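So for the sequence shown, full-length UniProt numbering puts the first residue at 1; every next one is plus one.
There may be inaccurate statements among the hints.
Claimed, not checked - With a straight-line Cα cutoff of 20 Å, these simulated PhoX-like cross-link-like pairs (lysine-lysine) come out:
(1) Lys829 to Lys762
(2) Lys958 to Lys762
(3) Lys1076 to Lys1065
(4) Lys762 to Lys736
(5) Lys762 to Lys637
(6) Lys123 to Lys142
(7) Lys604 to Lys1072
(8) Lys805 to Lys993
(9) Lys591 to Lys993
(10) Lys1094 to Lys1065
(11) Lys948 to Lys762
(12) Lys736 to Lys838
(13) Lys86 to Lys805
Quick caveat, the hints were computed from the structure, so don't treat them as lab data. Since the model is a prediction, treat every value here as computed from it, not as a measurement.
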Amino acid sequence: MTESSSISMYHVAVHHIFRRWDAYEGIQADNFWLYQTSDFMTASPSSATASLLRLLTGNDMKGVPVLFMKAQRTVLFLPINERAHKTLSLFTGRSSENIETDVLLMGKGKPPPGLAEAMERLKASKTRTLGVMSADISIIEKSGNKLMEELRAQIASMPNFSMNIDVTELALDILSFIPSGYHSLLRAASQEALSCYGKVYNALEKTFGGGRCLESQRRTMLDAAINLACGGSADISKELSAGSGARYIQLTEQQLLALNKTSRLTASVSLVSTATKDTLDDSLSTVLRRALHASVLGHSVVNELQIVSASGPEPGRLALTNVICAVTRNGMTGAVARTVACAHISIAGAVRSAFEAVERVHRESFDLLKENTSLSSLAEQLLSARANTSSTLTCKRTNLSISLSFDKLELGGVCGAPTGAGVTTKEQALEALRSSGLAPLCLGQDSLSKRTAETIITGSTPLFLTTAAHVTIPDKGISFDIVYGDTVLLALAHSNDTQHVLTGPDNMRNSTTACLRDFFMITESGETKTGGLATSLTQPSESSESDESSDAQVSVMRDRNIEERRHVRQERASRQKALNESQARLGLELKQRIEERFRAGRQKFRKEGVVREIAMAFSSVNDYPSAIGGDDSIIYKMTTSDSLFIMINSRPVPIHPNMIHSIKIAGTNEAGVTLIRMQLAAPGVVTGKARDNYPQLELYGTSNVFLKEILFECAASKAEKIVEELTNHLTAFRQKQQNELHRNEPIQIDMDIDNLMGEAVKSAILKPETISLFQSSNPYYFHLSSSNLNQPLQVRPNIERQRSKEGGGLHVHENGLLYLYGNPSRQIKICLLYKNIKTCVFEKLRDSSHIAILYFMFRTPTSIKQLILGDLPKGEYDETVLTKPQNGITFLCNFETGVRLSSGVKPKTDREEVEHERAAAQNMRKANKIYDQFLSCMNDALHAYEEKNPIYAGHLFKVCTRDRNYPSFFASYQGNQTFHIYKNRRLGCMEPKTQFIVAVEDLDMVVFENLNLYRDSTFHMTFHYRDIRMDPVTISSIQSKYVHELQDWVNAMGIKYYITPETTKWKDFTAKYYNKREDYVEFLEGGSWNAFFKSDSESSSEEQDDDSDAFQENSYDEDDEDDEITGSCATSEPDNLQGDDEFSSEVIDFEEESESDHRDYRRRR
């Protein structure tokens, strides 16, 4: 939520708390102390304390005491650290109902200053009682909480003051319904629960494998489906009870982030399988009972997938999973429970009939929910209605008898935070939870549970209504459980509709996600779906009388499905064969390319020091000076350059100082003439660290002839002077060389190591050039700045020590871009020449991201200091940032800060909040149009520059936007990021704090690591650059469902990829083979990459084909997510700018465009 909406919702919660407190007729307290530790809140997220704190602040506020003073209408927060103090300070002030909020930093001391001031206010209030939630507080007091000890001591020093009043019932009364301002938040949380269920269902469908799981003998723990849906691995604890096989799990922070990256969520997902051959028991499975209540109390339970075989002349198998998802967002929790089955076609009809019968009972239960009724009375009405439901029925599809046994009432309140929060009516369920150690601590008293059963339901009481039934098919000898559960808010009910059932399928009829449009889904072994892709997904029929099938129909259907599966296998085999052939060809090209690069001397190594090339003294004789020394000169030094002339047989021979190794007197000959020996740089002459100061001559092959030394004869009187002067000259030259190296910090990365550009183009790019400015009247001139974007345009990395909120302007000019930052008196100018930019990536403003990102990637790493024109004005700069080589530079425009109304006052009412949001959306639409104009002008200026300089034709950069033909995916790279495939052969992530782009032309190969398709785990992707001095880059923790799309993309880009089930230690590899030439020779002679990965191109692809059964193409649904729900990350949003080379002048509207931000991509094959 935004800052303004957080404040608004806080005021709604505070008003609600004091209103309920004023109307409460139970045990009274003048003041109310609310506090718990982080450990308690984590262990008991559904306790009354946790629920009330979450209702108050909208998030998991842990370890912050709150003091409510009824008579003074005051709320005091006492945060312990500065961070919490800054966050809570947003709430300070007086509300519209005259409730004062103040924040006191606890501080250090005995007593802490914040607590001491709070006690002084209690004394001044002249009140006599302070209430606490006794059951919750006693937990931390037993562990020796120092803050509570100090509080007790302070209270004891106050005469006639009591702290022994239990206000738990008051808290539960406050939580018995939510204020109207929270209704929309509950609906949003329910949508998140449905989105979570959709992801889990997709993972289960892959686990079922179109019915293949029925024939498999493998054991499958259902936490694997959760990990597949959310990525990563959930934390697993011990079994709930010995030998049960059921385990308690907890989703990790990474998995919660995968569910929704833009909002902080807490969630629980329980998957329990209950199919069994025991047909004597008619009660609900214990594991499902525990999972149901544990999930709505903030916990998760999983067990092993149970697959049972039916009896009879036509045997079939059944696998069934109960799914329970609860998601908390902004203090509200939505929950949904559904059952998913995979059945052989011979028993699928009977299973479907059982599902439909339970669905009818569940729908009828909605009509019995009435306001102004206690939970216990409602329980009796529902139990009575279910008692009148027939316990047996006959399936008209198969004539099989079905027995139904409905469980007792399963009804809980959603109540402010995680479901439960003390509202329940089933004692047996509480006992089961207490025996497993999962019960919330505030519900450990039976008397309290009985009192909460008398809570009166109002229109604003959130309910979680479940219908659970135990089903037996005696003729087939199988039993299983069915559960449906939905979040209900009666205040949203209208005449003759079910809008109050927030997770019901009637609200999801237009959803593109099939599993949300119905109460249940059945995967029938052998059934197909239109569209060419084999799948076994069928939707429930509207009535049990329809879809009667005879034996002949079953046989025809089976034959048809066998034929279609054969066709799918043939298509997959044909595709895999083509992929194998392509990869085999690319493998040969890779081998030839690296060997040719090495033979030609273009491959440079890490421990060669600074790679220096031979510098020519003069390019031609015409460049010689007109006069060279006198007749008696042996050495002549140029005054305009570093070059020298050596007189050999009275003829001047030029030589550059970097070719001279040493010069010294070598003695006297027989004639008494002094000899001077000049040793030149030649292969084998220069060794050790001294090689860093000389050209790496071995790079020039073995066909060149090098001169090792020259002997001069001169008079003894001149010899010492010549040696001294020449030595001083060489020393000065090398010092100058080192200073130049330190100043410019060149990065030894070749922009075109395979010389595809040509030397002429590279020379032109490296040639110094000054920026040529456009006049403002030029049609190509345009700029981005706060004047037209209404938000600052900031540069990253930030070069100032203190980050400024002010931005600058980015201007289009004839041969480059100019970013002007700061006021005119101390302006910083950053110049980006077109020829030095490798690529440009643009991320526009979207509903899902309110930050526009424009990223320019350099051809070679460049420091910001090298881009700055002129001298830096006086100021405090980060020298490390200035001099550190950067791969690129980023310009951000952040709209997350919000837009003020024209009055300049923060919104307070709902109407003002709506106007506030509309203003923000309008500003973002306008900003997208401004960016479109800027990129169009920059594109026109690029074309004009290319026409003026034809040598750059085909070598200048293009603007890259997302490629909608490929999915986006989560991966770990400097944190959790969303990666996209961009047009013009680019892949990377564009996040506000992390920008990373891979250009295909820089790559030699890609390695898919930790890849095991049987395990349904995550894998890593490593990019190996052509210039081996660049470290390989790995992005990790990619969900396995994206492996085929990414391999297809890599192959389509003409890049060889390798597959390995292990994770390669690239740091050790590069240190072993890339430091020295002789080590690299050993690597090449040892078989290169094929030998390293112990597989050739064909075998690696074949292994992938063998493992691909777990990832059939039919596991991808074309319509994967609901437009109204936060969808899977596997989306590809439409580009604001059309085409790669030219930009459309038509700008897509921001709101129209955002509707497809969550639309899932369609498979391309």
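Tested hints:
1. A distance of roughly 26 Å separates the Cα atoms of Lys829 and Lys762; the hinted pair therefore is violated under the 20 Å criterion.
2. The suggested pairing of Lys958 with Lys762 holds, with an alpha-carbon distance near 18 Å, which does not exceed 20 Å.
3. A threshold of 20 Å between alpha carbons decides the hint, and for Lys1076 with Lys1065 the separation of about 19 Å falls inside it, so the pair holds.
4. With a C-alpha separation of about 25 Å, the suggested pair Lys762 and Lys736 falls outside the 20 Å cut-off, and the hint is violated.
5. Among the hinted pairs, Lys762 with Lys637 is inconsistent with the structure: their alpha-carbon atoms are about 31 Å apart, more than 20 Å.
6. Annotation: proposed proximity of Lys123 to Lys142 is violated, straight-line Cα distance about 27 Å (limit 20 Å).
7. Straight-line distance between C-alpha atoms of Lys604 and Lys1072 comes to about 15 Å, which keeps the hinted pair within the 20 Å bound.
8. At most 20 Å may separate the alpha-carbon atoms for a hinted pair to count; Lys805 and Lys993 meet this at roughly 16 Å.
9. Simply put, Lys591 and Lys993 have alpha-carbon atoms about 38 Å apart, too far for the 20 Å limit, and the pair is violated.
10. Under the criterion of a C-alpha separation no larger than 20 Å, the hint pairing Lys1094 with Lys1065 is consistent with the structure, at around 16 Å.
11. Simply put, Lys948 and Lys762 have alpha-carbon atoms about 17 Å apart, close enough for the 20 Å limit, and the pair holds.
12. Using a Cα cut-off of 20 Å, the hinted pair Lys736 and Lys838 is violated, with the two alpha carbons roughly 31 Å apart.
13. Restraint check: the Cα-Cα separation between Lys86 and Lys805 comes to about 19 Å, which is no more than 20 Å; the hinted pair holds.
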